[in-house]
Structure formats: structure tokens, C-alpha cells
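Number of protein chains: 2
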Amino acid sequence: MKQYKGYLIDLDGTMFRGEEPIVAAVEFIDMLNKKQLPYLFITNNSSKTQKEVSDKLNHLGIYSTPEHVVTTSIATAKYIKNKKQNANCYVIGETGINKALQEEGLETSSDREYDFVVVGIDRQINYEKYANACLAIQNGATFISTNSDVVIPDERGLLPGNGALTSVITVSTGQMPTFIGKPETVIMDEALSIINLSPEETLMVGDNYDTDILAGMNAGMDTLMAFTGVTTREQLSKKDRLPTHQVDNLSEWIERI
Amino acid sequence: MKQYKGYLIDLDGTMFRGEEPIVAAVEFIDMLNKKQLPYLFITNNSSKTQKEVSDKLNHLGIYSTPEHVVTTSIATAKYIKNKKQNANCYVIGETGINKALQEEGLETSSDREYDFVVVGIDRQINYEKYANACLAIQNGATFISTNSDVVIPDERGLLPGNGALTSVITVSTGQMPTFIGKPETVIMDEALSIINLSPEETLMVGDNYDTDILAGMNAGMDTLMAFTGVTTREQLSKKDRLPTHQVDNLSEWIERI
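Sequence order for the protein chains is A and B.
If you count the first sequence from 1, position 35 lands on 35 in my numbering, and the numbers rise without skipping.
If you count the second sequence from 1, position 106 lands on 106 in my numbering, and the numbers rise without skipping.
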């Protein structure tokens, strides 16, 4: 059977659920470390910094450094910097995206025209932010959104995700954003570049067909679906294209590492 | 030539532009009053009360009482009351919609389950309001939006309209709202009921093809397009279905009253 040289791994529903670690996932990461196989965590959550995410993982008993974490904020900042050094960005979003843009030397100045409008989840969203974003796009700024997730699961139910918040600007300006996060390839290409492996050598692991598994497929990678989160076996059975591998939980994969 | 027994008339772009009255429109309303022909103003603006709108019209020299004004808020409140007396509504919106619901005896209590989620333009929109609306719809509330306008023209440019704000909830819940305002027929049916005339006897007057003229057509009315606002002659020439009548401005219509 094919041996993979590295792993890209989803977080929520794959490594933990809310504040609870998934036991099989902890064992899986321990085995990757034992076999000295490189891995990165890939998350569509733009609100947190790499350090905040790795702190949470370590707290849950899952070994991680900040460098193990690729957030959609990191991928967004690198994508924009690659398009234009020192680009001026109008930002809707929380700490993660603001810090990531700052670290790539991107500006957020109202004193000159904006090159990009960047939208990430923002629980402090208000009308003025939406108005400013729409006006910047009308004035020629390029429209970027960190991820298209329409809901955020919460103990109260399904709350609006960044894909839903972004739609105000899409509908009002008539312009579609470039999405960076899973299932798009921008974040996957960034992760493959960091792990320094080809798509063929790397396995994408996740619980959500529509984001994780499609992201892997779109990037030309093999995929491993774990039924520990969003997608059920029944839902998967209706899909045209199946993941390369399926497991009930990641302990089943340990012998394949 | 056909004589109309009553008129339904748009406001912004037809009677005034921002804070400036359109002179020809003032003369047009004067003639309706001279001939004692009934008329109503039909507006998709849900933020203002009938009195606030008529005060503005009088200030601009256009004769109006609060009863001359049919806002999408009034039409929304009557629509909901007709579906369920004392319905409990979760409301996103400004003074106009809140007052209209209150006057129809509709409740806005967080102490029991919501029957309806009502969304109107809200310049104080925030994440918690969106979250509450999505959760209420997940719990079975019916989703209503006062109007689908995607932009609000402003001196700074095109700001997000209620149709854009509403899309967060549409995208997040996967449910389409019932829209009340133009070009839908709910507001038109309400206005025809108030003016107590048949669609065939009544003329719909407006400057915006996609809202005013389509609303008239959808309600089975003849329509009069005035090129004093949004839609240009060139834009109109590309439409499949044309308004019954077209004028550069409403002074051209005065001899037809």
C-alpha cells in the first residue's frame, strides 16, 4: 500500500470537537511524530493566530508548534503579498487576519486607495464596515474572502459563518470574491509549499467532505475521510466522487503510517 | 386615451432626489389634488414611519398626509397580522418597521418562540442580531424581508441595501425569505386595497424599472416610467417588456390627468 511522506490535517471535527480532543486523533499525531513524518494543520478559522491555535492543541494533548498551523489568514496574507508587495488592505476580521496581514508588511491605511478588501469572520461586524468594503470595491479594490463556510456550529445551533457574512458585499457590489480557504486550492498550495512535498506524496485528512476532502481533491492529493465530525457515511454515499480512504476514526489509520 | 382613477407613486427618483424635490413631480401632485384623484406613495424604505415620510414630502412642497404613505414596513406588518394575529416576531430593523409591527399588535418577545423573523434595513446591524435570526429560523420561524434592494445610493457611492443585509441569513440558513416590497406584489396588493381601486383603474408611476415598473406589471397595472431617477432610456431599451407609458418628467403627464 502507498506510504505518504507527509500529512495535511483538518482541526475541528478531525482533531477535536469544541474543547474536547478526539482520542484516536491524539494517537494518530503521536504516531506521525514517532515516525518523524511531517504534518501541518489546515484551518479555515481566520480569527485566531498560529500561536493561539497551537496553544489550544497542546492544551488538548496534541503536539503542535505555531509552525505546524496553516490558517486561512496566513494563506490570505501570503496570497496578497504575492500579488502586490505593501498592498493596502481594507480588513473586516478579527485578530488572526489582522496580525497575518501585518506580519507580511501589508498596510491597512485609510489615507490612500485600497488595493484589496479582505473579509474574514468578524463578530464585531457593523454597517459602516460593510459600507466601507463596498465603496472600496466600487473604487477598484480586489475582493478577497478568507473562506466560504456558511455556518459555524455552536452549542446554540448553527451561527452565520464567514461565507454568509461575505455575501452582503457580493450581493451589493455584484462581484464575487476570491476565496482562499478549503475547498479552494490557494490554502492547499500554500501548505504544500511549506511542507515542501508534492500533492502525490501528501495525504489530506478531514471530517468534512465539502471543505477538507474537496480541497484535497482540488489540489490533486489523495484524501482520508474520518467520520468523527460533520459528514456521515450516509451523506458520503450520495457523493459522486469518493475520498481515497475512509475510516471511522484515525486510530484505524495508525498501522498505515 | 385611458383615464386612470387613481395613482400609486414611487418616491426617491420620482418625487425627489435626496433632499431636493423634482419640480415636475410637485406640479404633477398638485394636478392630482386639483382633479381630486386619489394617490398613494409606495416606498421600499422600511426605516421611516408614515409620518416621517409625509413630513419630508410636505417640507419639499409635495402635499401628503401620513395616510398617503404606504411603506414596506406597513405592508409587512399587515401581511404578518393576516397570517397570524399576535404573532411573535424577531426584528432586525429601524424605527419604521418596529413601529409598524407594534401598531398591528405583533409581539417582539424573547420569552417565547418566534413565529417570524423580519429583516429590514438596519444601520445598527451586528453579529448577535444575525445569530438570533438564524437560530429562530432553525427553530421554525418564517423568514420575511421588507425588500430586496441591494444598494442604497448615497453621496459616497452605493451602500448595502436591505437585500444585501438579508443575504447573510439566506446563505446561512439555506432558506429564501418572502420579500414584501416592490417588485413583489404584497405591497402593491396592500396599496390597491387601501386606495380601493382595481389594478386596471390604477397607474403605477416610478423611475426604477426593476422595482417600480416590475411591481406595477406584477400587480396587473398599467405603468408610467419617468426618466428622473435610476433607469435611463438606454437601459430601458434593452428590456423585453416595456412600461405602458414613458415620459422624460412628470410635467409631460399633467395633461393626461
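Quick caveat, the hints were computed from the structure, so don't treat them as lab data.
Treat the hints with caution; some may be incorrect.
To be verified - So the derived label-pair ranges between C-beta atoms look like this:
1) A:Gly105 with B:Glu107: 51 to 59 Å
2) A:Pro153 with B:Thr108: 23 to 31 Å
3) A:Thr178 with B:Leu37: 17 to 25 Å
4) B:Thr65 with A:Glu155: 45 to 53 Å
5) B:Lys5 with A:Asp240: 57 to 65 Å
6) B:Glu200 with A:Arg233: 58 to 66 Å
7) A:Glu155 with B:His59: 48 to 56 Å
8) B:Asp210 with A:Gly220: 39 to 47 Å
9) B:Asp240 with A:Met176: 49 to 57 Å
10) B:Lys83 with A:Gly105: 53 to 61 Å
11) B:Thr108 with A:Leu60: 39 to 47 Å
12) A:Asn82 with B:Val23: 33 to 41 Å
What the hints assert, rightly or not - Just a few of them, taken from the derived set where beta-carbon distance is under 10 Å, the chain A residues facing chain B:
13) Lys56
14) Gly61
15) Ser172
If you're wondering where the values come from, they're calculated on a predicted model, not measured in any experiment.
All C-beta atoms, glycine included, are put in the ideal place defined by N, C-alpha and C.
The hints, checked one at a time:
no. : hint                               : verdict
1   : A:Gly105 with B:Glu107: 51 to 59 Å : holds, 53 Å
2   : A:Pro153 with B:Thr108: 23 to 31 Å : holds, 27 Å
3   : A:Thr178 with B:Leu37: 17 to 25 Å  : violated, 54 Å
4   : B:Thr65 with A:Glu155: 45 to 53 Å  : holds, 51 Å
5   : B:Lys5 with A:Asp240: 57 to 65 Å   : holds, 59 Å
6   : B:Glu200 with A:Arg233: 58 to 66 Å : holds, 59 Å
7   : A:Glu155 with B:His59: 48 to 56 Å  : holds, 51 Å
8   : B:Asp210 with A:Gly220: 39 to 47 Å : holds, 43 Å
9   : B:Asp240 with A:Met176: 49 to 57 Å : violated, 26 Å
10  : B:Lys83 with A:Gly105: 53 to 61 Å  : holds, 56 Å
11  : B:Thr108 with A:Leu60: 39 to 47 Å  : holds, 41 Å
12  : A:Asn82 with B:Val23: 33 to 41 Å   : violated, 55 Å
13  : Lys56                              : violated, 22 Å
14  : Gly61                              : violated, 31 Å
15  : Ser172                             : holds, 4 Å
The structure shown violates the earlier hints numbered 3, 9, 12, 13, 14.
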